[in-house]
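Visitor: In case you want the letters, here they are:
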Amino acid sequence: MARNISQSRRWGFTILAWGAALVIFFPILWTILTSFKTEADAIASPPKFLFFDWTVENYAEVQSRSPYFRHFMNSVIISVGSTLLGLVLAIPAAWSMAFQPGRRTKDLLMWMLSTKMMPAAGVLIPMYLMFRSFGLLDSRLGITVVLMLINLPIIVWMLYTYFREIPSEILEAARMDGASLRNEILHVLTPMAVPGIASTLLLNVILAWNEAFWTLNLTTSKAAPLTTFIASYSSPEGLFYAKLSAASTMAIAPILILGWFSQKQLVRGLTFGAVK
Amino acid sequence: MATRHQKTLARLMVSPSVLLLLGWMIVPLAMTLWFSFQSYNLLSPGMEQFIGWTNYQYFLSDPAFWTAMRNTLLLVGGVLVITVGGGIALALLLDQPMFGQGVVRILVIAPFFIMPTVSALVWKNMFMNPVNGLFAWFAKAVGAQPIDFLAQYPLMSIILIVSWQWLPFATLILLTALQSLDSEQMEAAEMDGAGTLAKFTHLVLPHLSRAITVVILIETIFLLSVFAEILVTTNGGPGYQSTNLTYLVYSQALLQFDVGGASAGGIIAVILANIVAIFLMRMIGKTLE
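Respectively, the protein sequence lines represent chains A and B. All residue numbers in the first sequence are consecutive under the working numbering, ending with 276. All residue numbers in the second sequence are consecutive under the working numbering, ending with 1289.
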């Protein structure tokens, strides 16, 4: 009887929750709407919500006045590149930590995580000076390597928590059957590990895409990803709301869509398995 | 023999990651430490010399440092209060029966995926701008004087922007934890006549405590080094009113070219972060067992 939730209560919660959700989502919605307005409509008072002359000229404009596409490609190359590089290093490490844990494995994992806690401000100066003397400032290679190092602990940890859930008996059974290490990895481990690797990839691409300390400090134009590109709208171009909105919408759309797919992995990944 | 072989192999597989992270940690940190005892300005190259603790004395006696410390604490504390408090409330709401729960979740989580430079610029221009922002329009609509948020309340405005980015994270984690709450236990409590408040304080809150700790500690790591939001909205100003420690180190190094002083600031930031990190590592260590 008690479980029979009254319809009116359900409606009440629906209205409340939708209200809260729309308030939280509103800045994004407003940005997307504004990107389709003319500059005059964008600053109209009272604001125009839906009834304005819809236009896509801002998108064309953003592309024509700056090489938007190049910054987009930089973001893709840097975020995907740093994550793939990290995976290549982390998969063997996480594999051996999950299946061949030694006495110090736990300490090693903790130590890796602790590197993540080093504040960027503490190492900004040497990184900047080293990048300058090696000619890596504003290079895609340099920023990719830095983002890889920043995310490597998270990649190792995420993979470790996924690998740990693969029953090791299966590996032993394969070993009994005389499978070589190569076959073990290729035919037994890989199929079971792919979902975990995929979510690790997804989450870390998102993190790298939105990273805005090192990208802002170590890139300026040639290698600048979208974070740096958008920051250049800071002033005075930011006062052109419609164009700012179009550039912003293009910068966030791909990752927003990816992000919605990764909600579950996000919780698990960012809490290092503490909350599932 | 086989196990020995496997052990060597395991080590070989771990070592590339370990060595890289070791290098990443030690080399720049050692350099920062070294620079922090030097008089070193990028504008006068070749003039570097050892000056002992002078940079630290200078940095610690600079009023800007204490302002930045205060701002860092206010920023971290303010955002934590808003996101954890709001996150608990939102998670409780989203856990109720409703229509379109999936869509609501998607809308609520969205700000977390917005890159910091975008959210800061959108808030700065389209909402907080004293002439054309939506808040200004709203103020005028109700007959009030529009507020120039970023000039009058710079730190509070940045807290608002950063909270908007992190509220979804707290909500999502807390909601996930809430959903693992045993419904039989809740029903048993209801049978015993426990009221909503009693259920919340005796059942829900203890169940959430671990998730809350995780949220606080993880957010703290990221919030200690908030940077982009300050860079594109206020540049730390007016004066030092919205400068945090990360931004102070950045401006000392890359705007004033004082490598030595900035390095001393960087080392102080590292020490502060380590204090936080010790708590976090302990807690995560427990979840491993």
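Keep in mind the hints are simulated off the structure, nothing from the lab. Idealized CB from N, CA, C, for every residue including glycine. Honestly, I wouldn't trust all of these hints.
[Said to hold, decoys possible] Derived pair list, reagent style EDC-like, types lysine to aspartate or glutamate, alpha-carbon separation capped at 20 Å:
1) Lys1140(B) with Glu169(A)
2) Lys1007(B) with Asp138(A)
3) Lys222(A) with Asp138(A)
4) Lys264(A) with Asp1095(B)
5) Lys1007(B) with Glu169(A)
[Unchecked claim] Short, incomplete list of chain B residues facing chain A, as computed with Cβ under 8 Å:
6) Leu1155
7) Ile1173
8) Leu1231
9) Gly1237
10) Gln1241
11) Thr1246
Visitor: Mind listing which of the numbered hints don't hold for this structure, in increasing order?
Guide: 1, 2, 6, 9 and 10
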